[in-house]
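Chain by chain, the residues:
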Amino acid sequence: MKKITILSLALLAIGLVAFKNHSGGIFKTNTGNINFFSHTSVEDIAADNHKVKSAFDASSGKIQFSALIKDFEFEKALMQEHFNENYMNSTKFPKTTFNGMIENMDAIKIGTDGIYTSNISGKLTIKDVTKDVSTKGTFTVKGGVVNAKATFQINPTDYNIEIPRVVSKKISKDIKVSIDADYTHAH
Amino acid sequence: MKKNIILPLLIFSVLTAKSQGMDLLDDEEEVPTTNYISATFKTNRVVNGHSIETVAKREFDFKISHRFGFLSTGAYELFGLDQANIRIGGDYGITDNINVGFGRSTFGKTFDGFTKYKFLKQSSGVKKMPISAVWVSHIAVTSLKWSQPLRENKFSDRVSYVHQLLVARKFSEGLSIQLSPTLVHKNLVDSANRNNDIISIGVGLRQKITSRTTINLEYYYVPTGQLESSKTNALSIGFDIETGGHVFQFFLTNATAPFEKGFITDTQAKWLDGDIRFGFNIARVFNF
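Chains as they are written, first to last, in the numbering used here: chain A, 10 to 196; chain B, 15 to 302.
This is chain A alone, in the form it adopts within the complex (with noise of 0.2 Å):
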């Protein structure tokens, strides 16, 4: 009986030691940011999310972002407004996810300040719909912390985003992307 309570603990402090070697490089952060820019001849409309949680795992290179609709903030209140009511029913559909892979993690010392390229591709989900996303990312390690900024294009229609004809010349139908966010690594 004791040999077996013994046997256990052992496995226990196997299954922590691995545990923690693993998530040992996970970097997060609940402050990152990201801004869209739309630009036609007739408006240009633009919003950021100052709220968006995101973490990466420095050793496989897996990195995830969650951001609220409604934390996206317009300088005009009614456009905020019919982003959430008319384009994204953000009650129906609460958040925007991504969940990819850093595809050169290898290549980004974290220990090491620098400024480092990589390939992120990965699934981005807006109102229920999951399209396949990729782009190029700079990671900027400095003291600890590490910057992460990328672009990319989405087409609103892609996702679902129903843009009435009346409107259609107002809002592009490439919609730039802007994400930056600084990570800390999590203890």
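In case anyone wonders, no lab produced these hints; they're calculated from the structure. Hints may be right or wrong, so weigh each one.
[As the list claims (entries may be wrong)] Straight-line C-alpha distance at most 25 Å; calculated DMTMM-like pairs for lysine to aspartate or glutamate:
| no. | chain 1 | residue 1 | chain 2 | residue 2 |
| --- | --- | --- | --- | --- |
| 1 | A | K179 | A | D191 |
| 2 | A | K79 | B | E187 |
| 3 | A | K79 | A | D183 |
| 4 | A | K60 | A | D80 |
| 5 | B | K71 | A | D53 |
| 6 | B | K135 | A | D80 |
| 7 | A | K136 | B | E187 |
| 8 | B | K71 | A | E82 |
| 9 | B | K142 | A | E82 |
| 10 | A | K85 | A | D53 |
| 11 | A | K118 | B | D37 |
| 12 | A | K179 | B | E73 |
| 13 | B | K71 | A | E94 |
| 14 | B | K71 | A | E90 |
| 15 | A | K140 | A | E94 |
| 16 | B | K142 | A | D80 |
| 17 | A | K185 | A | E90 |
| 18 | A | K60 | B | D110 |
| 19 | A | K37 | B | D40 |
| 20 | B | K222 | A | D53 |
| 21 | B | K135 | A | D183 |
| 22 | A | K140 | B | D40 |
| 23 | A | K60 | B | D37 |
| 24 | B | K123 | B | D40 |
| 25 | A | K79 | A | E171 |
| 26 | A | K136 | A | E84 |
| 27 | A | K178 | A | E52 |
| 28 | A | K179 | A | D80 |
| 29 | A | K158 | B | D40 |
| 30 | B | K132 | A | E82 |
| 31 | A | K37 | B | D37 |
| 32 | B | K222 | A | E94 |
| 33 | A | K182 | A | E94 |
| 34 | A | K85 | B | E73 |
| 35 | B | K132 | A | E52 |
| 36 | A | K140 | A | E171 |
| 37 | A | K182 | A | D53 |
| 38 | A | K60 | B | D40 |
| 39 | B | K135 | A | E171 |
Once you've looked at the hints, dock chain B against the given chain A.
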């Protein structure tokens, strides 16, 4: 005996599964927040009367309210379209919750102004509030020539006031209901035995049809005995279409005046007689 082996194995496998990280953000605790309800109504009017919506700070909502003649006037008047009765005005946001507005209406050549204060916002989450509530005080000044110029006429005789408490709740994504207890004070009444103060209660209802269109109902009930028997209650059915910065409200109503004192106490037409007007409000928001 066997159970004792399975247990640590289970713990071990759970831990490994976790380390492979199905979701790196799963263990993030949600920070509790307060969610304020938005868009209880499409715009700051239900049909004739105010809704609990306010324009945002430094925004100006320019409004043209247009009412045609009665449908019952028949084909000769193109069912009322030959006649027009309008109010031109606007609402301005001093803050997100304090608005002022003004307007000038054909009806009684009336100038009107109001201040509006939203003091409760419906919310869920950390701060729970079941309703939104707004106070509106209006002043209306008629500029018609005196009907009895020989009598001693004072400026104050032209003035009336309306005070309203608007209480609304968005019950679901689609359905919002508003109650609007209202006090109308007329400085000058039609005859000596009429009271200067008239109480009324408004009911507003909106049902969303699509994300950009709603159907609205509005009824202002004036308890009987306060007004001449020729007066009726204002009943309106509206249809809102919102396109970007514009809101179009199309409606049928028996009221003529597009301002509170007018449609609450001066409505004479009856729906059952076909004395219904087609009308629309066009609202365009400008930013400063």
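Numbers of the earlier hints that this structure fails to satisfy, in rising order: Checked against the structure, the hints that fail are numbers 1, 20, 21, 24, 35 and 39, while the rest are satisfied.
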